[in-house]
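Enquirer: Kindly produce the complete structure, drawing on both the sequences and the hints.
Quick note, the sequences are listed as chains A and B, same order. Numbering follows our numbering, with no gaps: position 191 of the first sequence is 191. Numbering follows our numbering, with no gaps: position 96 of the second sequence is 96.
Among the hints, a few may not be true.
[Claimed, not checked] Straight-line C-alpha distance at most 25 Å; calculated SDA-like pairs for lysine to any residue:
#1 Lys-316/B / Phe-46/A
#2 Lys-316/B / Asn-128/A
#3 Lys-93/A / Val-197/B
#4 Lys-93/A / Ala-132/A
#5 Lys-195/A / Pro-54/B
#6 Lys-8/B / Thr-194/A
#7 Lys-91/B / Thr-194/A
#8 Lys-50/B / Glu-81/B
#9 Lys-8/B / Trp-261/B
#10 Lys-195/A / Asp-236/B
#11 Lys-416/B / Arg-50/A
#12 Lys-3/B / Thr-194/A
#13 Lys-195/A / Asp-254/B
#14 Lys-316/B / Val-197/B
#15 Lys-93/A / Met-43/B
#16 Lys-3/B / Trp-261/B
#17 Lys-416/B / Asn-368/B
#18 Lys-359/B / Gly-335/B
#19 Lys-190/A / Trp-261/B
#20 Lys-190/A / Ser-14/B
#21 Lys-190/A / Lys-8/B
#22 Lys-50/B / Asp-179/A
#23 Lys-50/B / Gly-112/A
#24 Lys-316/B / Asn-125/A
#25 Lys-195/A / Thr-238/B
#26 Lys-3/B / Gln-263/B
#27 Lys-316/B / Arg-50/A
#28 Lys-50/B / Leu-191/A
#29 Lys-164/B / Ala-19/B
#30 Lys-8/B / Ala-199/A
#31 Lys-195/A / Phe-240/B
#32 Lys-371/B / Asp-420/B
#33 Lys-93/A / Arg-18/A
[Said to hold, decoys possible] Going by beta-carbon spacing under 7 Å, a handful of chain A positions derived as facing chain B:
#34 Leu-33
#35 Arg-34
#36 Val-36
#37 Asp-48
#38 Glu-102
#39 Ile-103
#40 Thr-110
Note that these hints are calculated values from the structure, not bench results. For glycine and all other residues, C-beta sits at the position ideal for the given N, C-alpha and C.
Here is how the chains run, residue by residue.
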Amino acid sequence: MEKSSVRKQIVGRGVPVRGADIDTDRIIPARYLRTVTFENLGDHAFEDDRVGGEHPFDEQRYQDSEVLVANANFGCGSSREHAPQALMRWGIKAFIAESFAEIFFGNCTTLGLPCVTATAADVQNLQNAIDADSRQEVTVDVESRIVCFSGREIDVSIPDGVREQLVSGNWDSLGQLWDAEKEVDVLAAKLPYTKSFVA
Amino acid sequence: MGKTLLHKTWEAHSVRQLASGQTQLFIGLHLVHEVTSPQAFQMLRERGAKVRFPERTFATVDHIVPTDVTDRPFIDSLAEEMMSAIEQNTKEYGIPLFDISDHRQGVVHVVGPELGLTQPGMTIACGDSHTSTHGAFGAIAFGIGTSQVRDVLATQCLAMERLKVRRINVSGSLSNGVYAKDVILHIIGLLGVKGGVGYGYEYGGEVIESMSMEERMTVCNMAIEGGARVGYVNPDHTTFDYLQGRPYAPAEGDFDRAISWWQNMASDVDAVYDDVVNIQGSDIGPTITWGITPGQSVSIDGTIPELGLLEGDERKSVQEALEYMGFNEGQSIAGTPVDVTFVGSCTNGRLSDLREAAKVAQGHKVANGVKALIVPGSQQVSAAAEAEGLHEIFQEAGFEWRGAGCSMCLAMNPDKLQGDQLCASSSNRNFKGRQGSPTGRTMLMSPAMVAAAAISGEVIDVRTMLN
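Expert: Encoded structure:
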């Protein structure tokens, strides 16, 4: 695995996207799924939420942000990988939230985008701190499970296995699954439904 | 100590433990559709990989398919491009495709079960979050993203963390006019839209056990709306009777052996659960959403919450929903005028759903100014409904009888809301903009309640229309 796949630490400006239960239809509306590639999705991230021009993604001060800070159940709904793809192509490299929907979390991991969780109070403080000073750097330290901002540190959570994948650079799921050809054949042949249920 | 079906199915399909601590899980059935697969096939090409088990992979088209004019090329050139892509990809990799010219085409989660592809004790994956539907058969069925579609195509495996299991008992019985849809909306209302994160939901109890397979599919379909990636019902004679004789079900001579294995895969009576929730069927009324998440629901005779009684994040969520929906706190839900009604989707687009809607519609007329769509979940559902004359009941009442597809559930096809239209919908998501207009509004309910709303022009208790 190339060194560039290692995700020990992401350092960048933050962008707060407030509100609970922000679903993947809002992150990328279904009409933009009428495509055979993931290119250009970044242009349509949060498109319908941005109609009034007041979304953080439209604010000049957040244009170079790389760390998205959200509230509870971020990415719920559809399994569309187009959602993290759109955010990644907009420029996001890591997520901090109170909680994530499971499929969104998994999709982010397969793209090498760390998702870490923090308490509601810490997330709110972080969002407010970014609001007050959008130019400051936010450090997402995946390895030591810490996020630093405004000279402070907060503890964040990420499951052991996912942390290990990101820190070692082995988050490409296909890379992990690839080299078990024989074991897969043996298991498939043992499953009753592959052999007319004959014991 | 007994094991759950999830535990047993997991063990039977575990190839090995990965360095990350995840399990490499073999997938017994991979269902593919046109929206989440083209990029996966492209990734496969870039890595020079083949489809590892084409015989365990089946494709159909549903999300982008128009439900009125289906002549090729499609009017929408982007939809046409996607259709061509899945035709080319399935041909190149030797995967069977049920396309629009095939009588087996339809919504992927309707097609799998009706063809007998979906079976108990099997792991199933599809690039769609409503794959949980297949759990109705006692399968463990995962909705996955496109990179994982690539993984399953290339290796027939997924890297997964084992889920905890929450047993949800629904005891007693349901009253007349209360359906499977009401049960799942009630469960999500009770446990919340993120209550199921990290869990698989095992549904049981008399109410679930007495349900038909189609009703169980409705309940499992929306597990994901409660945050649970999979939901399932233990297989029983209702399951076996449904499967017997279907094209891809075990052959007649193998069927008894299949039943033995399936019964062994069901949760043991002394199975240990990570959590147990008990619900009384008699506590469930016709349930309807008033907000912008499937958890924001109320019984038809109830009212929207009052902000003064709420605190913190919940208050903010309710406030946001009220602003979007244009509703007032404390307002009764009955009597809300609707512009559009939609019966269809992987949640409620099966024959029994159309029958229940037709019972309500028969002999009535759709209210003036209401656009009412009936969209069968598959071509086979459509044919079966037409054989019973359901299409005539709907057409005489002023409903539009459409072809099979996902239609207005997610509106990435020509069926869409306009402006801030309000839709009474039998689908699964009431998210902002979900039905195709950025300001469109959705209220989720059972197909019978949707038909009742179409007739009366407003949200109404269907029980007042049933004999």
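Enquirer: All hints, please: hold or fail.
Expert: Structure-based check of all given hints:
1. Lys-316/B / Phe-46/A: 20 Å, holds
2. Lys-316/B / Asn-128/A: 17 Å, holds
3. Lys-93/A / Val-197/B: With Cα atoms ~23 Å apart, Lys-93/A and Val-197/B stay inside 25 Å; holds.
4. Lys-93/A / Ala-132/A: Since the Cα atoms of Lys-93/A and Ala-132/A sit roughly 21 Å apart, the hinted pair holds (cutoff 25 Å).
5. Lys-195/A / Pro-54/B: 16 Å, holds
6. Lys-8/B / Thr-194/A: 17 Å, holds
7. Lys-91/B / Thr-194/A: 23 Å, holds
8. Lys-50/B / Glu-81/B: 23 Å, holds
9. Lys-8/B / Trp-261/B: 11 Å, holds
10. Lys-195/A / Asp-236/B: 22 Å, holds
11. Lys-416/B / Arg-50/A: Holds - the C-alpha atoms of Arg-50/A and Lys-416/B are around 20 Å apart, at most 25 Å.
12. Lys-3/B / Thr-194/A: Distance ~23 Å between Lys-3/B and Thr-194/A Cα, so the pair holds.
13. Lys-195/A / Asp-254/B: 10 Å, holds
14. Lys-316/B / Val-197/B: Cα-Cα ~22 Å, so holds.
15. Lys-93/A / Met-43/B: 21 Å, holds
16. Lys-3/B / Trp-261/B: 15 Å, holds
17. Lys-416/B / Asn-368/B: 19 Å, holds
18. Lys-359/B / Gly-335/B: 21 Å, holds
19. Lys-190/A / Trp-261/B: 13 Å, holds
20. Lys-190/A / Ser-14/B: With a Cα-Cα distance of about 12 Å, the restraint between Lys-190/A and Ser-14/B holds, given a limit of 25 Å.
21. Lys-190/A / Lys-8/B: 14 Å, holds
22. Lys-50/B / Asp-179/A: Judged against 25 Å, a Cα distance of about 14 Å means the pair holds.
23. Lys-50/B / Gly-112/A: 24 Å, holds
24. Lys-316/B / Asn-125/A: 17 Å, holds
25. Lys-195/A / Thr-238/B: With a Cα-Cα distance of about 24 Å, the restraint between Lys-195/A and Thr-238/B holds, given a limit of 25 Å.
26. Lys-3/B / Gln-263/B: Given pair Lys-3/B, Gln-263/B holds - Cα atoms ~13 Å apart, limit 25 Å.
27. Lys-316/B / Arg-50/A: 19 Å, holds
28. Lys-50/B / Leu-191/A: 22 Å, holds
29. Lys-164/B / Ala-19/B: 21 Å, holds
30. Lys-8/B / Ala-199/A: Measuring from Cα to Cα gives roughly 17 Å; hence the hint holds.
31. Lys-195/A / Phe-240/B: 19 Å, holds
32. Lys-371/B / Asp-420/B: Judged against 25 Å, a Cα distance of about 14 Å means the pair holds.
33. Lys-93/A / Arg-18/A: Between Lys-93/A and Arg-18/A the Cα gap is close to 18 Å, so the pair holds against 25 Å.
34. Leu-33: At 5 Å from the nearest chain B Cβ, Leu-33/A passes the 7 Å test, so the hint holds.
35. Arg-34: 4 Å, holds
36. Val-36: Since chain B brings a Cβ to about 4 Å from Val-36/A, closer than 7 Å, the hint holds.
37. Asp-48: Since chain B brings a Cβ to about 4 Å from Asp-48/A, closer than 7 Å, the hint holds.
38. Glu-102: For Glu-102/A, the interface hint holds, since the closest Cβ of chain B sits about 5 Å away, which is under 7 Å.
39. Ile-103: Hint holds; Ile-103/A Cβ to chain B Cβ min 6 Å, cut 7 Å.
40. Thr-110: 4 Å, holds
Every hint, counting from the list given before, is met by this structure.
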